[in-house]
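Residue numbers (our numbering), protein chains in the order written: chain A, 146 to 519; chain B, 146 to 519.
Hints listed in this document are in silico derivations from the structure and should not be mistaken for laboratory results.
Worth double-checking, as some hints may not be accurate.
[Said to hold, decoys possible] Label pairs and their computed distance ranges (CB to CB):
no.: 1; chain 1: B; residue 1: Pro421; chain 2: A; residue 2: Gly182; range: 47 to 57 Å
no.: 2; chain 1: B; residue 1: Asn352; chain 2: A; residue 2: Gly205; range: 31 to 41 Å
no.: 3; chain 1: A; residue 1: Lys447; chain 2: B; residue 2: Asp293; range: 18 to 28 Å
no.: 4; chain 1: A; residue 1: Ala440; chain 2: B; residue 2: Glu241; range: 52 to 62 Å
It should be emphasised that the depicted structure is a prediction, and the values quoted were computed from it without experimental measurement.
Yeah, the Cβ is synthetic: ideal placement off N, Cα and C, and Gly gets one too.
For reference, the chains in residue letters:
Protein chains: 2
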Amino acid sequence: MTDSPNRQPALTPPPQLIEVASKVDARLQAVLDEQIGHWTTIDPRLGEAVAELARMTTSGGKRLRAAFAYWAWRGHYDRHPDLRSDKLATSGIGPEELIVNLGAAFEFLQIFALIHDDIMDDSTTRRGATTVHVQNANRVTEQGWRGDPRRYGEGVAILVGDLGHVYADQLTNGISPRGRQIWDELRIELNLGQYLDMRSAAAGELNLATARSVAVFKSALYTIVRPLQLGVCLHGPVDIQLLEQLDAFGRPLGRAFQLRDDALGLLGDEETLGKPVGDDLREGKPTELVAFAMANSSPTQKTVLDLVGNPDLSSDQVSQLIEVLSETGAIAHNEQEIQSLVIAATEALDRIDFAPEAVDALQAMAQYVAARTS
Amino acid sequence: MTDSPNRQPALTPPPQLIEVASKVDARLQAVLDEQIGHWTTIDPRLGEAVAELARMTTSGGKRLRAAFAYWAWRGHYDRHPDLRSDKLATSGIGPEELIVNLGAAFEFLQIFALIHDDIMDDSTTRRGATTVHVQNANRVTEQGWRGDPRRYGEGVAILVGDLGHVYADQLTNGISPRGRQIWDELRIELNLGQYLDMRSAAAGELNLATARSVAVFKSALYTIVRPLQLGVCLHGPVDIQLLEQLDAFGRPLGRAFQLRDDALGLLGDEETLGKPVGDDLREGKPTELVAFAMANSSPTQKTVLDLVGNPDLSSDQVSQLIEVLSETGAIAHNEQEIQSLVIAATEALDRIDFAPEAVDALQAMAQYVAARTS
Chain A
146 MTDSPNRQPA LTPPPQLIEV ASKVDARLQA VLDEQIGHWT TIDPRLGEAV AELARMTTSG
206 GKRLRAAFAY WAWRGHYDRH PDLRSDKLAT SGIGPEELIV NLGAAFEFLQ IFALIHDDIM
266 DDSTTRRGAT TVHVQNANRV TEQGWRGDPR RYGEGVAILV GDLGHVYADQ LTNGISPRGR
326 QIWDELRIEL NLGQYLDMRS AAAGELNLAT ARSVAVFKSA LYTIVRPLQL GVCLHGPVDI
386 QLLEQLDAFG RPLGRAFQLR DDALGLLGDE ETLGKPVGDD LREGKPTELV AFAMANSSPT
446 QKTVLDLVGN PDLSSDQVSQ LIEVLSETGA IAHNEQEIQS LVIAATEALD RIDFAPEAVD
506 ALQAMAQYVA ARTS
Chain B
146 MTDSPNRQPA LTPPPQLIEV ASKVDARLQA VLDEQIGHWT TIDPRLGEAV AELARMTTSG
206 GKRLRAAFAY WAWRGHYDRH PDLRSDKLAT SGIGPEELIV NLGAAFEFLQ IFALIHDDIM
266 DDSTTRRGAT TVHVQNANRV TEQGWRGDPR RYGEGVAILV GDLGHVYADQ LTNGISPRGR
326 QIWDELRIEL NLGQYLDMRS AAAGELNLAT ARSVAVFKSA LYTIVRPLQL GVCLHGPVDI
386 QLLEQLDAFG RPLGRAFQLR DDALGLLGDE ETLGKPVGDD LREGKPTELV AFAMANSSPT
446 QKTVLDLVGN PDLSSDQVSQ LIEVLSETGA IAHNEQEIQS LVIAATEALD RIDFAPEAVD
506 ALQAMAQYVA ARTS
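Could you build the full structure based on these sequences and the hints that come with them?
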């Protein structure tokens, strides 16, 4: 995890992302502080579970989903200030507070998904911190508690993740009924996308159609399209055309996000990423990179590619696989795809009638998502 | 699992419970059918995950939480028909539909909790069916898929549970803001109660205070108090006094529910219960029964009680433990406690200004909860 040969300076996030992230971080911290205080007073053991969630929430994260939702909200409601409810009748939450709540909701939902994913992948580190299931398995051993440490650690991680899911949901209170529909839909898509990902890895279905389908659910819809759509629905119903335009912007950008993620999982810097490189290959994750290489490999290269999905791959074997991915042109193709997708996204963004400041912000976010180093 | 010496006829649920259960079952089935159809059209593999949820949802369950919510709703709004919104402004869902939706929400939430609990306890059967994590671990072996079957099975069960959580939540759309607050609170209590349960078992904290605390969160609040309170808040704000009166009825009844559950876990009929007897002792579950026996045991009896929490207990050791629980008076004490708690609950119910038909129903439910055989 220290001096990787691929070490490169981390790309700085655009100021429009940092601006949203700091508001959202403050809200997350406020919710966590209040909850830890409340439950610790009742029983210190209950406060512990919330503190585990806090440990994962405050250990980093780019707050991308929050920023996409925020800038879509600004783009739409700065253009149409008459549509913005000053004080929402049912909830009594003001609009500025509500959009930050929604951003915090996305982040709690992401933490929930990561904590549960880390169990499924048996990852030991996340954002540079020990994962919840490993931390709590270790606790059993350290304290000399009884039972199977793995089972206990995973049990705690399931519950801490579930708790994050509830806090996420709680923070959406006050959004419009149309917004809530989208929120429910994105949570179903997130879970089914992860199911498809895991099932395809187990069944060895590493084809392009599957890789794309997983990317649509887990990246395009969940990370970009749905946050954008929720931003413009915050205060009420919205023109279907605008939702479609946001889809046309978010879908290619989401695929670019996933392709960058896949590339970083192979060629990124472990310290910047906060997680080990090569794990996607060990897990047999269905990526477009591997699917492209499979479709364009010689018989010899194919033999090497068949190693994908072997959980015990050595770092030499990982290097060998990366070489084949490079030789088959998969890595270069991946970079070209990212570029084309960002161009398509940018063109779609230009067709949206958003306030100029928001267009600039979403433009900067699009570039960042495609070029990021972590 | 066949001819247990404790075999007794299962107690018939009251008609007021069956009436609600059949409406709720129809709603659950409709949601599941629609979702399985929708996702199977997109990709049959996605439909599979929803079908797993359906398998657990339709394999039984008493729908107790739905019935407590329904009869509290009837009790309050039949008394005050002016407070019942005929058509809820924001959602367009009628009141009869909404209360059944809420009942279905409770049941999906319960399925979510059971699927996740079964991973934590590594249970193999639930309601007589193979648990989700075991079923899907077996699939890896049967299909010759790659990877660790246990990890895959548990991963699928985490996701299928999460999906149930989303459907639960989706079905609450349209309830009042006060109702949503209670819904959020009960979900936090459910997760923290389960955390306390698991943590106490691991740390060997089998004292009375812990057992009671777990019972408050997991049974009193989650199963009875919160469903009752949600029923009377369905259409809007409500007098705090009524919420407190429902608490005074639901809390003792919830403890009685838990004490009955603890007794059935030791002395019940495996076939009627749909799960193995003695598992609570193997898991070291903090129950009042064990705490009472611990506090009233001779040194010799204490040595036997120290077996609690040993996952490899033989059925002989389980019988030995049950003997000690009987000798220390813990089992008799448990039955007396149940009786006193039901009397306290019934007295509290009499003080509530509910429509008579609902009082009768809640009375019958209270008797059933305390005397049930499954």
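Checking against the hints above, which ones are violated? 1
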